[in-house]
Amino acid sequence: MSEHLPILMVLVPLLSAPLVVFIKHRKASRVIATLACALSACAAWTLALQMSSAVSYPLGGWRPAIGIELRVDFAGAYVAAIVSTIATFAISLGTRGTREDVVGREMFFYAAFLMCVAGLMGMVVTGDAFNVFVFLEISSLSTYTLVAMGKERRALTAALNYLFLGTLGGTFVLIGIGLMYQMTGTLNAAAVSARIREVEHLRTTHVAFAFLAVGLGIKLAVFPLHQWLPGAYSQAPHAVSSFLAGTATKVMYFQLIRVVVSFFGVAYVFDTLHFGDFLLPLSLVAMFAGSLSAIFQPSLRRLLAYSSIGQVGYLTLALSLGTEAGLNAGLLHLGAHAVTKTALFLIAAAFIAQVGDDRLDRLSGLGKRYPLLSLGFVLGGLSLIGVPGTVGFVSKWALLEAVLAGGRPWLAFLILASSMLAVVYVFRVVEVLYFRAPLANAPPLARERADWGSWVPAGLLVLVSVGLGVWSELPSEYVATAAQSLFGGAR
Amino acid sequence: MNALTQLFPGALMILGACFVPLFRGRARSAYVLALPLLSAAHLALFSLGHQGSATLFGYTLELVRVDALSRIFGVIFHIAAFLCCLYAFHVKRPLEHVATLVYAGAAIGATFAGDLLTLFVFWELTALSSVFLILARGLDEPERRERVFRVSMRYLVIQVGSGVLLLAGTLLYYQGTRSLHFGRMNLEESPGALFIFLAFGIKAAFPLLHNWVQDAYPEASVSGTVVLASFTTKLAIYALARGFAGTDVLIPIGACMTAFPIFFAVLENDLRRVLAYSLNNQLGYMVVGIGVGTELAINGAAAHAFAHILYKGLLLMSMGAVLYRTGTIKASELGGLHKSMPLTTAFCIIGALSISAFPGLSGFVTKSMIVSAVGEAHLLVIFGVLLFASAGVCDHSGIKIPFFTFFAHDQGWKVQEAPKHMLLAMGLAAALCIGIGVFPSALYALLPFPEAAAQYHAYETTHVLTMLQLLFFAGLAFITLVRLGVYPPELPAINLDTDYFYRRPLKRFVVESYALASWVRERTWGMALGLRGRALASLRRNHEPPRGRLGEPWTAGATTLFAALMLFTLLLLTSSAGCGGGEDAEANDARLLLDRVGAIEGVPEQAFEARMERVEVLRRLPLRGESLIAVREACAEMHGALLEADVQNALIHSIGAPDEDTPAEELARLERAFTAAEAAAARVVVHRDACVDGTATLRARYAPDRRGSE
Amino acid sequence: MSDAREPLPESAIERNAVNIQRAVVGVCVLLLLADVAFTFLGHRHTHFGFEGYIGVYALVGFVSYVGLVLSAKLLRKLVMRPEDYYDAPVVAAAPVSEPAPVSEPAPATEVAPDTTEDPS
Amino acid sequence: MSQSLGVGVALGLPVVGAALVALAGKRPNVREAVTGLTGLATFVAVAALYPAVVAGRLPELQLVEAMLPGVPLMFRVEPLGMLYALVAAGLWPVTSAYAAGYLREHHEQNQTRFFVCFALSIFAALGIAFAGNLATLFLFYEVLTLATFPLVTHHQTPEAQRAGRVYLGILMGTSVCFLLLAIAFTYYAAGTLDFVPGGILRGHVATSSLPLLLALFVYGCGKAALMPLHRWLPNAMVAPTPVSALLHAVAVVKAGVFAILKIVVYVFGLDLLRDTGASDWLMFMASVTILLASLIAFKQDNLKARLAYSTISQLAYIVLGAAMVTPDAILGGGLHIATHAVGKITLFFCAGAIIVTAHKTEVSQLDGLGKKMPITMAAFLIGSLSIIGLPPTGGSWSKWLLALGAAEQSPVLVGVLMLSSLLGIGYLLPIPLRAFFFDPPASPAREHGHGHGHDHDHGHAQDHEHGEAHPLMLVPLSLTAVGCLLLFFYSQHVVALLRPLVTP
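Protein chains in written order, with the numbering used here: chain A, 1 to 491; chain F, 1001 to 1710; chain E, 2001 to 2120; chain G, 3001 to 3504.
The following block holds chain A by itself, in its conformation from the complex (with noise of 0.2 angstroms):
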């Protein structure tokens, strides 16, 4: 049984999404989907907490490179154990917001939902470069469709916005592994990686790693191609941008490790194509950006959003220092950063569900109201902002040691002065929350109190992000393990 996990993690949710369809039931859907997401969680925690080595799963016995491979690794393992994780937490215990928000399209909402983590499984767990594609398409388009089930009219808007770009991205996607593909003459990761060598001084090479990188760049809302995600991640239902906010760039910023890793080598990449200096003054403009930007946003899901760009900042530049303790930080901070937007992004949903909508003013006061929900978002917030005794501190921390084993302290600085702005915007809620008088002119909250449903997933979320930043030794480990593994396999 155990062998067949990966596969597992993958067909599970890929064929719950049919079922739902077919059992056209509201409330049976629900239950499988989560039932679905749960089960290719357990899978992908049980793979991630015993695997030794990576494994290798051949689609069909099938010989690799001559057959479709399925490859986890344990970066692979640990990313598959979050979107599956988040998923379920997204989806199960979903807000009665949540509920609302696809009244009568339920069954098209769940299933749309499950393809997407199955696409997004996929795209973490298959070893073959045109996979990655398919994989991505999938997840891709049911992104599109959820997107577009946004209650609001501007949600539509929004998903032909993503539509137009994600399908953009994926054109890229698709040219660099067809350059790929030519160069090497195979798809599989790691004969490609061993292939990739003799061709390396091949402009058609490089033109292959810059379509990708761009295509990928795009899905993961690198500055300045992040103009999908604030419309994207502010319209769509709320399990959505839940799930969307902790995954979906998660899961591309883990392909474009893999591509620079896995692939073409960080030796070349980083050498002899200078990708880092390409991608350093990037991520140090979206910290910033992102973040300024998230200050001033009058909606909480837009502000959030907007830090989230801000957060990939971080992403893309531990990957820019192209080194291993950089690796590492970047798939911490993957996580930290998962673990509590995710939180953050149901706990907004929350709130918008008691007031009825995602001004901030709205939120004026509540936090006396809400005292449950309140003390989450700022732990939450804390979390972001990178104070110590929460996850994002962990992982800032490994970044900043990366950083400063680089021999660039003013990098660091700059990582501390943006995490600054995430006060900023972080207190901005605070203050409005604890320190301001409720709205005078407010309409009545449509509930007194808030549903379990709504503050139980956000808080078992923020105490995870808050245990995780005292009791570290656990991801810090593995993912210094996976890190290893990942870099010492691309020497």
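What the hints contain is simulated information worked out from the structure, not anything from laboratory work.
It cannot be assumed that every hint is accurate.
Below, in silico cross-link-like pairs of lysine-lysine (DSS-like), each with a Cα-Cα straight-line distance of 27 angstroms or less [stated by the list, open to error]: (1) F:Lys1330 - F:Lys1414; (2) G:Lys3371 - F:Lys1092; (3) G:Lys3026 - A:Lys368; (4) F:Lys1092 - F:Lys1420; (5) A:Lys27 - A:Lys151; (6) G:Lys3371 - G:Lys3299; (7) F:Lys1507 - E:Lys2077; (8) F:Lys1330 - E:Lys2077; (9) G:Lys3372 - F:Lys1092; (10) F:Lys1092 - F:Lys1330; (11) G:Lys3360 - G:Lys3371; (12) F:Lys1420 - F:Lys1330; (13) F:Lys1092 - F:Lys1414; (14) E:Lys2077 - F:Lys1092; (15) G:Lys3372 - G:Lys3360; (16) A:Lys151 - A:Lys24; (17) F:Lys1507 - G:Lys3299; (18) G:Lys3299 - G:Lys3360.
One side of the interface only, derived from the structure: several residues of chain F facing chain G at Cβ under 10 angstroms [what the hints assert, rightly or not]: (19) Leu1165; (20) Gln1175; (21) Leu1667.
Where a beta carbon is used, it is the ideal one built from N, C-alpha and C, also for glycine.
With chain A fixed as given, assemble chains F, E and G onto it according to the hints.
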């Protein structure tokens, strides 16, 4: 007994002072009077040579040191404390009693302090407690409040300033000598001593540092002035005598002190301020004595301080009584009071004669010691100055004070005689003045060098005669000048002294500086706020939706454009990497090569397949540069040879080991195969060596990969 | 204190003021004579040579006194000021706009509320 | 084992207290009783560690093996931390009693939140005191910032919010941008973050970058309010007065200077700094702060603002002590933590009592108040003396030791210390003296002249009849005033406690 000597002398007064507010009315006054007596009894418990020590932060402190020098000051301070308390019997408010007792106690404590740190503590305590005596006047006279307050602040700053100088000096002294012992110090030996000297100098009212005396003392309450005049400056004299006896520079300083204030004393209208100047002048004698430093001189200084406290107290008491009864102490408003206050007048005259050193009174028997000491040291100029000053004292304290207060032109004051307790206090002081004047030997026995004192005879005919001449002719001069109308009239005015510098230019400087600072601050704040506002506005413009372009999604077209741009940039970067020639490219390729070589080296010999695969990779590396190509060629050759060897080996293996049945042709094949394999192996070795050599050269030329270590 | 103050009746001292002055002069003369007598009869105990002259202390006393008073009169021209000299406030000449800035700089956008109230 | 339990108990009690206070929120009497009792219990728990520390056994508690890779979350009670913990825990019950009186008399809102945050602040302060490595210190440093933020913005007025922003912006900004960077660099260079006697940096950091690293640490501890990062402190004066007392005397500012001292002693090591002269610039900066802040204090009419600038000046003393790195200076700096805490808290208590009882906030309004509130003003006088450093108060010993250290470095520094004492007389002593020796300002017109935002009616109300402050305020402020005097006689014990810091 033993427990009591654990306390320092004066402690009873300080501790007792805390309970003064608990008593009411006469009981309080009686209690206050009893404390100095108790404390005096306490002092009597200490034998000469007693030393009490304590430790603090690892330093050994000498809390109590009783010797002849400290004892005489301790004794007179107790007498003064008692007289002051008696004089202040009428004061209802506990504040002044408490302040007096703490002040006196601290002064006594300081006198017996054996180390600099303890001295500092008491030194500051005298400053702190005494300021309340000045402030107290504000309570009685609301209209003077603001003025008194400012005076007291100036006083406090200067007094504490002396304290911090002492502290600084102590620190530096300790730095230099690793000792806190308060003994004879040498000005040249450490900068600390200089600081300490200055600290003492402030309290002893050295010229130019003197002004606080004239500023503060006349502003204190009726009894307060008496108290103030008794302790602080004499404590400083004691400290100088202890620390700087025989320091030459004190002689001119002291001479200056005797002469310089008398000019102001002549002009001054406020009679208590006249006495303050006169105080300064008297201190000058003592300072000169300390400067001369012979046994006689030190004796003289100590004795003069002793006598001085009494007669200066007496004079101030009489002036206080006048102030108490009339409400003014300005010479221009007083006169003719001898009719209504005859006893006060008498006491005042005794005091005046004492200070003028009239034979038979205390001033004569003490001052003459100093003058004699100066004479014995043959300091002609100083001697002359002291004579001149004696004539001056005769004027402002001996004649001017009693004359303008009690005689002169009758201003029509109809007031009562001073209260009884004041009279009693004055009477006691006057009696002591006379007593000392008549029986100097009692005082002489207390002096630091009693043997030297015993040999000194004040009442020597020449001395008495010359002193009388001096005084009477001075008086004659006064009469003459008054008769001629030349004597300067008493005018309601003030005279500028050194305090001008800190009360006008310095104050102006401070005010201007603050104004300038606040102007600069305002400007910079304005600019900073403007900048901040502009920065914020610009951030808002760029980031705040819906107008801010960065805070609002762009069109898909824009993003596409960016994507294209990025692609272009990335290609530009990579193409420069891929197609660039020259050293850089070669270095890159070298690294690439070395990298791969490293990969081979990592694979064990037995893993032939893997090794082959990597060598194959190496063979196909795209390389530029001759040496690189040479390595690659060697590699390729080696690859070929390896393959050849492999093939031959396989052949040998397939034939198997030869035996008797083996056909001849087979054997020949085997032999050929062996030969070929050997040749191939040899080629492998040759090319491998070439490869290794080339690699080594490359390694040396191109630094190892920067990520190699991770 | 009280404005209408009448001198008390003359005391014995006031009545005999001139006699007292005369007495002082008399004593002075006696002292000079004593000095002369002592110079010739007794042994004069001195530190410096000038002390040996007859009446030198008398001279010193008189001259010092007169000199002191006269020079003090000159000094008065230099240092005498009215009694309220120090009471005048010291005002800065530097340009300071009123009111002085408070410690917390208000943001430029905020306008202080108008606190002046119309009495009507 | 029992020792680490003791550390745990001392740290845990305030948290338990906070929880209980939150639960008892509806019943004020219970709530305040809980606060007071946990305060006392915490003090006892902290004091129970004292004998072990004096005996040289340093109680340890390790909670998490690796909070960061290779860096445990651990506590170790060393002498300096013991002192700071004693100060914080000792003044907490006093302050809570005072706060109870103050908040009730002043009819403040959100009292429960206040007490909860207060307890959490003490928890954080103890965490800082006991921190066994830089990461733990940093963790609790941030907790302290966050726990005190609601206290600063307690009134929730726009003014309070602005102050809160400045507070958070400067404290968090400096700690994140500078302190964290410095810590990260330290770890990168030295490979450890533990506090080790003698320091951990020797041989790991180039001499030329030591001053920069020190600067990052010192300005990273923004709570020390070293100029030019002092602005948060006067701003934070909008908070209720018990908060000011907490900020300026017990927890926050002391956390900053304590951290600096600790870092200098245990991270840099005195010898290293002395050998390299890396802290020379800091002496200059601290001196400038001492003098400038005193000069600014002169010009403040608002009582709390004046005290705030005085605090800035006094904190710079401790920083100066750390910068001078001579044994005496370090001891003096440590002692000054205690003496200044007790002195300044007395002053703030008095200021609060005056605000609540007499409704007066400006120095110029205090004339004659001594007649109505003699005990309060007497306490103010004693507190002032302690701050100035005059006998018979504890402040004189800390200044003596600091000056002793300064004498070893340079006479100029001695001059700075002496001058600042004189300035202290100028801006502090007139307040109690005027209160005792002047009449209350007679006409309301005079008060109106100050134009302090109150309308005319209020001006009359200010003259209402009042007596001495509420006993719940009066007793604490008397206690701390007595504490100032006691420290004069018992400073030896504090110095003896700290002695191991400078004698390896």
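Could you work out which earlier hints the structure fails to respect and list their numbers in ascending sequence? Hints 14, 21 are the ones this structure does not satisfy, whereas the remaining hints hold.
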